[in-house]
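S.K.: Listed here are the chains, written in short residue letters.
There are 2 protein chains.
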Amino acid sequence: MNDKELQQLSINAIRATVIDTINKAKSGHPGMALGSAPIMYALFTRHLVADPNDPMWFNRDRFVLSAGHASSLLYTMLHVAGYKVSLEDLKSFRQLGSLTPGHPEFKHTAGVDATSGPLGQGIAQAVGMAMAERAIKAQYPQGKFVCDHYTYALCGDGCLQEGISQEAISLAGHQKLNKLILFYDSNAITLDGKLDLSFSENVKLRFKASGWNVLEVKDGNDVEAIDEAICKAKTSKSKPTLIIVQTVIGYGSAKQGTNKVHGSPLGDEDGANAKAFYGYKAQPFEIPSEVYKHFEDTFAKRGKEAHKQYEEALKVWKEAHSGAAKKLEKALAGDVSSYFKKEPKFASDDALASRNSSGKCLNELYNKIPFLMGGSADVAGSVMTKIDGGIDFTPRTAKGRNINWGIREFAMASAQNGMLLHGGVKTYVGCFLVFADYMKAAVRMAALSKLPAIYLFSHDSIAVGEDGPTHQPIETLAMLRSIPNCNVIRPCDSRETFAAWERALQSKETPTALILSRQNLPILGSKYKEVAKGAYVISKEAKRIDATLVATGSEVGLAIEAQKELLEKGIDVRVVSMPSWFDFENQSEEYKNEVFGICRCKRFAIEMLSTFGWHKYAAHVMGIDTFGASAPAKEVIKAFHFTKDDVVKFVLEGLAE
Amino acid sequence: MNDKELQQLSINAIRATVIDTINKAKSGHPGMALGSAPIMYALFTRHLVADPNDPMWFNRDRFVLSAGHASSLLYTMLHVAGYKVSLEDLKSFRQLGSLTPGHPEFKHTAGVDATSGPLGQGIAQAVGMAMAERAIKAQYPQGKFVCDHYTYALCGDGCLQEGISQEAISLAGHQKLNKLILFYDSNAITLDGKLDLSFSENVKLRFKASGWNVLEVKDGNDVEAIDEAICKAKTSKSKPTLIIVQTVIGYGSAKQGTNKVHGSPLGDEDGANAKAFYGYKAQPFEIPSEVYKHFEDTFAKRGKEAHKQYEEALKVWKEAHSGAAKKLEKALAGDVSSYFKKEPKFASDDALASRNSSGKCLNELYNKIPFLMGGSADVAGSVMTKIDGGIDFTPRTAKGRNINWGIREFAMASAQNGMLLHGGVKTYVGCFLVFADYMKAAVRMAALSKLPAIYLFSHDSIAVGEDGPTHQPIETLAMLRSIPNCNVIRPCDSRETFAAWERALQSKETPTALILSRQNLPILGSKYKEVAKGAYVISKEAKRIDATLVATGSEVGLAIEAQKELLEKGIDVRVVSMPSWFDFENQSEEYKNEVFGICRCKRFAIEMLSTFGWHKYAAHVMGIDTFGASAPAKEVIKAFHFTKDDVVKFVLEGLAE
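Chains as they are written, first to last, in this note's numbering: chain A, -12 to 644; chain B, -12 to 644.
Okay, chain A solo, but in the shape it has when bound (with noise of 0.2 angstroms):
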């Protein structure tokens, strides 16, 4: 067999073999994945370098398939090239608890670089990926020996209608990200029908805009050209490249090129259909000895050998750098424990904003934290995102950690995924509360994903001010909380806020959202050793428990005035800090018991947000459920009533109930 006839070979048997997946799950979307074939199989034999029997190791390429339907094509180059994903493993896609899910999963599936389905959301995961690569590699010396690799993504023409698309687009040109390669599958075809029902952009005018070179293949069968194009992306200086491939969907179906083989499997007959117009004749889930050896021959071989090289390298880079090393296995780690050995010192009792403590105690960290890196969404001086003296991370200055992510609240919280799928890095991102919104979906890929992400979201009520109601959060808290596997802190004083940042950068597996206030706050009774709990009573009643206060953030202070009024009217209330609901709720029950000291219906929870959520811990919730007003701070919260005097009120009534 001839090289011609043995790639023809292996692309016809990735294709079948996507088929064979969809028809026996009787579920998945045959129409990209056939339509990408050959741009995975030339990515796969002539370029990626990964080592299947190592899928983490740290300097492999990294692959996002951002048009995460087309999964089962990304499992059966899983399978082909040697990963952990077994004829078996294809079989049962999309089944209960298979390797094989609807939608490739982070950490589920060896191979699998990062979670994606969601559309446009891979392409900045790419751009996260791309940005972390060059930034390791600049803060090392001879960084190159670290980490030098390149970053690809497959999109379609869903991923490129998303807005994030053109935010993760805009940042990766202004970057000059050249290591980013991005396959743009152009088959004209969307779920609903003819792409051109809603779509008749320039891509190509689009990407230049943006900075971008742009290759390229009119025919998505022609893998030397396609070959070509991706050589000729790698020898970019200076900017990203995107290569457009003109595909067929569905290609090979009798229903190829329109939108009925989008998102349903062939079936029976159309899939032996599609085979016979390949010329394949295996049976199904058969795939030639010959396709599994190409494989061998190429992709897995290439990956091997550069790992191998890569480890003998690093050996002696390490040698050579014994200090960056150690720095590099904490980096690697995600390790930062070492820290936070002690409680930190507090340079001031001083009344601060939480978004102030949040900036001090991160120009504290980042001096020690050399791997940490971040920025805001264009609000560094108000979120307090920025370093003193940082370096900004720019194509020029690539060891700067101060990122400029501009006005991209989701690319930015998406590339920030992908610069934690990528690995080597701490990071957190930062914008108003209010603006949570526009990113929600990046966040729950995080917690999704499992990834570590940091979240600084400043301005944190009604105290907002002069703004308004488009910029005063109210059920955003709501929002976050209600995330799984999202933690949301609150805290009160400088203390718990700094004890906030350090549950945020010894998380492994779990995003942080750190909710800080614009106006000062008092230093209370906090302690930080107790915040990790979730809630903890921050002000003892003086004899017996008649009601308990729980609060959150800025009012906890108020709780507090509020404790001191009532016990001269004899009425003894707790009050409890509750910065994260997370934590508590892992906690035992008997410890959450012992924090609230009172039955539910004797619970007073206060928080100037929505009261959404509250009632799971209180009887009587004080908060606020309609959109908030444009006036100074202390005004808004005195008509919102919020002040002692109402927090007096709303206990004795609701003791009186």
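Don't read these hints as lab results, they were simulated from the structure.
Warning: the hint list may mix true and false statements.
Said to hold, decoys possible - Derived DSSO-like pairs (lysine-lysine); straight-line CA-CA distance at most 27 angstroms:
#1 K579(A) with K603(B)
#2 K195(B) with K181(A)
#3 K313(A) with K94(A)
#4 K163(B) with K191(A)
#5 K78(A) with K621(B)
#6 K386(A) with K131(B)
#7 K94(A) with K195(B)
For chain A, the structure is supplied; the task is to place chain B on it using the hints.
M.R.: Chain B only, in chain A's frame:
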């Protein structure tokens, strides 16, 4: 005073008033407001057609200040242009209860056509307005007598960095919205510093790639050049137009051209400097009478005359088209009550997925309500938003009412807001529930702006099945329910689905989300008229109430099954269907208690989504607080313990506690 002098005096007065307004409030964003003043001057005095005496005149040109932080400029314009915004209102800028809040608010201040501030959304709102304008013109005979105007918007760099801007401009270009004119105040500065910290796009090229005209004005103080560009833009036959205007941020301030003037008042000294720089000598808040007269002679005169002519022509039109005139009256009032005089007949009692019931309902209503239009984000065949035999809304078939929004959830929801801000249409948009995440900020904006938007969210639980956790909503329902003024309805069968549609269409100031199943749901003992109460007893207890099972959507049927088995075990349970928390909260305490029929401690809520928020109503909550799994729906449901046996066990154990 010659024309040139009058023009300069007017612009100076506008700028001075912006400075005074912000200085008085000690809060606000002078930067862009000062830079953009000549754009607004040119627009108001020479082009914008609107009547200050009747700010809601239907055929006025629309104006959206997408960069809502420049509100002081808009308020100043409205003041000098003769709207009900007095000097006193300007003096109470950003104060409690004033007509001049921090960001513009629709229905709050006369002349404000859209709530704005969260960046990028204003562009999409303007796109929706331009779509509505075109649609309405096409929906009536000789429709240009009904609706024929321009839509203008002003944005800055922030708006264009947000991904939604790309979704919106791509859609506008595709729809060839030639009557849409967008000003880009290009001042090369953002909050954190110079724009090139984060942005290096060729904006001109990007807009061209999306099918826009692009015009450029090199000097933002050159009124004639701005005027010329607007004139040219207005002649466009098949493209929307972007006018890029190079401005100087904080023009006149000692800090002009820097980020220091972006979001902080100039203060007295610098304010005085700036006025001296302009050569403007009036006292603070003193505006020369010539300026008022100038606006009266230009803007107001033009608008009032146009309004008068329109009313006269419309009168003739109404006489000639009495049927259409009646339709128009209803359309303008958003009145659909006549279509709901009788409870609708149900064509069948077949088990239908609620997405299918919704599709059926929509198809009926579509024919009855000629001003109802909508569509989905490329999932028309899955969310059932497509009208059988309906015509697509395209540039060539503008009377078509099926909208192909493309895979642009955020812009879709935001443009729907624009269509409703415009008025004259009823609208709906649809996508999978989990992707409500992508449009959260626009749903919030609808709720805040009091727009009766309709969202069709299907695939509403883990019963999505094979697509797996990326596509299975868990916390999404809690997210939507937590938004103030947002009615979220999860119907349990076809009858409730029809009733939910009525609720949605009859709403005047509240957006409504219909939460629809992918899987079939049997017809239960549901009651059409009770749905509006939010919750009602759908299946009574046999004799006494031992417990109440509260459920929504697909779980109501499950609850009724469990009820039967529990009765066999001697436990007498009531089942409550609770399609809408929002509507339920508006009922009397008496009704609420009557429906539940038993104390909270014996209430059991079941919903195949997050438990978040349910504890308000029930002590025992059965839900899913982790991410889902990829497998056939039945398998997933079983794995997450949502079978009849699980519900029975849940109640028995809860009662034994």
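S.K.: So, for every hint listed, does it hold in this structure?
M.R.: These are the hints, each one checked on the structure:
With a C-alpha separation of about 19 angstroms, the suggested pairing of K579(A) with K603(B) holds against the 27 angstroms cut-off. For the given pair, K195(B) sits about 22 angstroms from K181(A) by alpha-carbon distance, which is consistent with the 27 angstroms threshold. As the CA atoms of K313(A) and K94(A) are separated by approximately 25 angstroms, the hinted pair is consistent with the 27 angstroms bound. Of the pairs offered as hints, the one joining K163(B) and K191(A) holds, with about 20 angstroms between alpha carbons and a cut-off of 27 angstroms not exceeded.
Distance restraint check for K78(A) and K621(B): the Cα-Cα separation of roughly 19 angstroms lies within the 27 angstroms cut-off, and the hinted pair is therefore satisfied. For the hint linking K386(A) to K131(B), the alpha-carbon distance of about 60 angstroms lies beyond 27 angstroms, and the restraint is violated. Taking the CA atoms of K94(A) and K195(B), the gap is near 42 angstroms; set against the 27 angstroms cutoff, the hint is violated.
The structure fails to meet hints 6 and 7 from the earlier list, while all remaining hints are met.
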